[in-house]
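Peer 1: One line per chain: the protein sequences are C and G, in this order.
Position 4 of the first sequence, counting from 1, maps to 4 under our numbering, and the rest follow consecutively.
Position 171 of the second sequence, counting from 1, maps to 171 under our numbering, and the rest follow consecutively.
Keep in mind that the hints are not guaranteed to be accurate.
Here are the computed distance ranges between Cβ atoms for each label pair [said to hold, decoys possible]:
(1) Thr31(G) - Lys86(C): 27 to 35 Å
(2) Arg181(G) - Lys116(C): 51 to 59 Å
(3) Ser105(C) - Ala61(G): 38 to 46 Å
(4) Ala170(G) - Lys116(C): 19 to 27 Å
Counterexamples of contact, computed for chain G against chain C with all Cβ distances above 10 Å [what the hints assert, rightly or not]:
(5) Glu34
(6) Asp91
(7) His103
(8) Thr161
(9) Leu168
(10) Asn175
(11) Arg181
Worth flagging that the hints you see were computed from the coordinates, not collected in a lab.
A quick note: this is a predicted structure, and the numbers were derived from the prediction, not measured.
Virtual Cβ for every residue (Gly too), placed ideally from N, Cα, C.
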Amino acid sequence: MVLLFLLNVFGQASGQSAADLKARADAAQGGERANLSLEYAHRELEDANNLYTQGDVEKAEAEIQEVVAYSHKAADAASSSGKRLKQTEIELRKLEHRMRDIGQSLNIDDRPPVEKAVQELEQVRADLLARMFGEKAEPKDKS
Amino acid sequence: MKRILWLVWVVLLSFVASPTWAQTRDRDPLTDAEVDQMREAADYPNKRLELMVHFAKERIAMIEILRSDPASATRPKQIHDYLQDFITLLDETDDNIDMYASHHSDLRKGLKLLIEANSEWQLKLRQLKEQSPAEELQQYSFVLANAVDTVADSAKSARETLEEQNRLAAEKKLNKDYSERKD
Numbered sequence: 001m002v003l004l005f006l007l008n009v010f011g012q013a014s015g016q017s018a019a020d021l022k023a024r025a026d027a028a029q030g031g032e033r034a035n036l037s038l039e040y041a042h043r044e045l046e047d048a049n050n051l052y053t054q055g056d057v058e059k060a061e062a063e064i065q066e067v068v069a070y071s072h073k074a075a076d077a078a079s080s081s082g083k084r085l086k087q088t089e090i091e092l093r094k095l096e097h098r099m100r101d102i103g104q105s106l107n108i109d110d111r112p113p114v115e116k117a118v119q120e121l122e123q124v125r126a127d128l129l130a131r132m133f134g135e136k137a138e139p140k141d142k143s
Numbered sequence: 001m002k003r004i005l006w007l008v009w010v011v012l013l014s015f016v017a018s019p020t021w022a023q024t025r026d027r028d029p030l031t032d033a034e035v036d037q038m039r040e041a042a043d044y045p046n047k048r049l050e051l052m053v054h055f056a057k058e059r060i061a062m063i064e065i066l067r068s069d070p071a072s073a074t075r076p077k078q079i080h081d082y083l084q085d086f087i088t089l090l091d092e093t094d095d096n097i098d099m100y101a102s103h104h105s106d107l108r109k110g111l112k113l114l115i116e117a118n119s120e121w122q123l124k125l126r127q128l129k130e131q132s133p134a135e136e137l138q139q140y141s142f143v144l145a146n147a148v149d150t151v152a153d154s155a156k157s158a159r160e161t162l163e164e165q166n167r168l169a170a171e172k173k174l175n176k177d178y179s180e181r182k183d
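Let the sequences and hints guide you as you build the complete structure.
Peer 2: This is the structure in structure tokens:
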């Protein structure tokens, strides 16, 4: 039992896993929630890229869905709190570009879920811009 | 019975002491004592800005202390958290500036402190990026990049507000006493 206790305290203390980051993002509020959600989304996207490289397409697609879900959470946290709106928009654009690059490096058969996720990220960003500047705002860079 | 109580105690202690439990609590970047000081300074914009700059400086100082200590497994996460707190404090500082400036309160002293501090922070954050071991930096590079952008935005916004305040001061339109503002 004592060993279990020590493992729990010292074992989990090293580094910060994606699961830790996700838990912290879920528990945070406002600007901090937006930041941590985006950090988690970036990390998941790189994990997805590694999984595609290893040929584990099913797991990679699940990670891509996490990226989309936490991009939504970041945008919602920023717009509901009014904090880190600009930074969130910038980070969403970076995520979108990186995801598009990853998608283009995949086999044709594996691309559709990533392309769909890129479109969803575009929409999240467009919605955030609309909340920041009004309904007529559109993403300036769709390349 | 004693044995059962002891087991319950160990399980509870293990849960409470676990980093996961600590991480999932809602964190406040300010301590209770700091919140009290902020509250007491609410009617004194320059004092409040001075306090916020001081608290932000303390977070950066804590990072420097951590960096001077021998490397440990928890150091990257601690640096990550201090950087996140630093960002939250700068966001709050900007919100406070917007609020006081909207009432035409005289913030010039506090803004000058913030502008000077921003230059210092830009340098220290650059050093952190350049001098961190690669495997550590990987764990806080995202939040560090955010901190760098936040300092740059804060510096730009503080300079613009100071210019506006100088213009208002020349026109004698700045309020020296925030508590006597017209809402």
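Peer 1: If a hint holds in the structure, say so; if it does not, say that too.
Peer 2: Going through the hints against the structure:
{"no.": "1", "hint": "Thr31(G) - Lys86(C): 27 to 35 Å", "result": "holds (29 Å)"}
{"no.": "2", "hint": "Arg181(G) - Lys116(C): 51 to 59 Å", "result": "holds (52 Å)"}
{"no.": "3", "hint": "Ser105(C) - Ala61(G): 38 to 46 Å", "result": "holds (43 Å)"}
{"no.": "4", "hint": "Ala170(G) - Lys116(C): 19 to 27 Å", "result": "violated (57 Å)"}
{"no.": "5", "hint": "Glu34", "result": "holds (17 Å)"}
{"no.": "6", "hint": "Asp91", "result": "violated (5 Å)"}
{"no.": "7", "hint": "His103", "result": "holds (19 Å)"}
{"no.": "8", "hint": "Thr161", "result": "holds (17 Å)"}
{"no.": "9", "hint": "Leu168", "result": "holds (25 Å)"}
{"no.": "10", "hint": "Asn175", "result": "holds (25 Å)"}
{"no.": "11", "hint": "Arg181", "result": "holds (22 Å)"}
Hints 4, 6, counting from the list given before, are not met by this structure.
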